[in-house]
Amino acid sequence: MFRKHRSIDVSDKTGKYVGSSVKNDEGGLWETIKVIVQALLIAVVVRTVLFQPFNIPSGSLIPTLLIGDYLFVSKYSYGYSKHSIPFSPGVFSGRIFGSEPKRGEISVFKLPKDNSTDYIKRVIGLPGDRIQVISGVLHINGQPIQRERAEDYKTTDLYGRTVSVPRYKETLPGGVSYFVIERDGDRGYWDNTNVYTVQPGHFFMMGDNRDNSTDSRDEASVGQVPFENLVGRAEIIFFSIDETASLWRPWEWPQKIRWNRLFERIR
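Using the working numbering, read the sequence shown as starting at 8 and increasing by one per residue.
Since no wrong hints were added, every one of them can be taken at face value.
The list that follows gives simulated cross-link-like pairs (lysine-lysine, DSS-like), each with its CA atoms no further than 27 Å apart:
1. K120 with K89
2. K263 with K161
3. K176 with K161
4. K109 with K120
5. K176 with K109
6. K89 with K109
For each label pair, taking beta carbons as the anchor points, the in silico distance ranges come out as:
7. T55 with W255: 30 to 38 Å
8. A227 with Q153: 24 to 32 Å
9. K109 with F246: 22 to 30 Å
These aren't lab readings, by the way, just hints derived from the structure by calculation.
Where a beta carbon is used, it is the ideal one built from N, C-alpha and C, also for glycine.
Whenever a hint applies, use it, and build me the whole structure from the sequences.
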């Protein structure tokens, strides 16, 4: 139990009143605790209902998202499910205030295989769509999407050498455009697939780094994503640092930060 101190009024040598000499220790500590608790509650509410931060650990969405990007994902965009609420006891199924994603959006979801691993991909197929890749060209409902050759993308290989990778601008039905790269040209493992029919209540997800993305094309590892598994929509990059940055060389950080990517909207 904290001991209460009696407040004593004092005056300076001129006789002018200057206030209390001793503060109430218990009151000050309680105010500090209240501020901490309120801050934690606000953080939990924001993370649960509004925005959740994520970082990008792999290159499956290059050139749109890079390794070392940190981004905010809006939780309210698709409503809420047991997979989008942190530490959810899983007492309900489906979604509340649900709104389906639009084709072309970049979404975070829980991997259907284990319902715990966070993945981030682009929404390509909606329920009922037929998806197929032929010679590297994406087809939706039997029609090839618009694809234009763009300037090559500069990246590094396993030995740190700079290499040029073919880059294309794709435009989906509905008008959403973005860039993809194909490290293996049109000879990648997933550049020729069977037809995938998207099931009701599911979505077909793909990475923009087409030859280096484990996504819905791989039915054994990812497959089609249930609506319930969606966590949120990627909105903005709030920080980005080169993957070669070292925690033990902080003097290099200013040069490693990708300043041009800070607060960039994700499309």
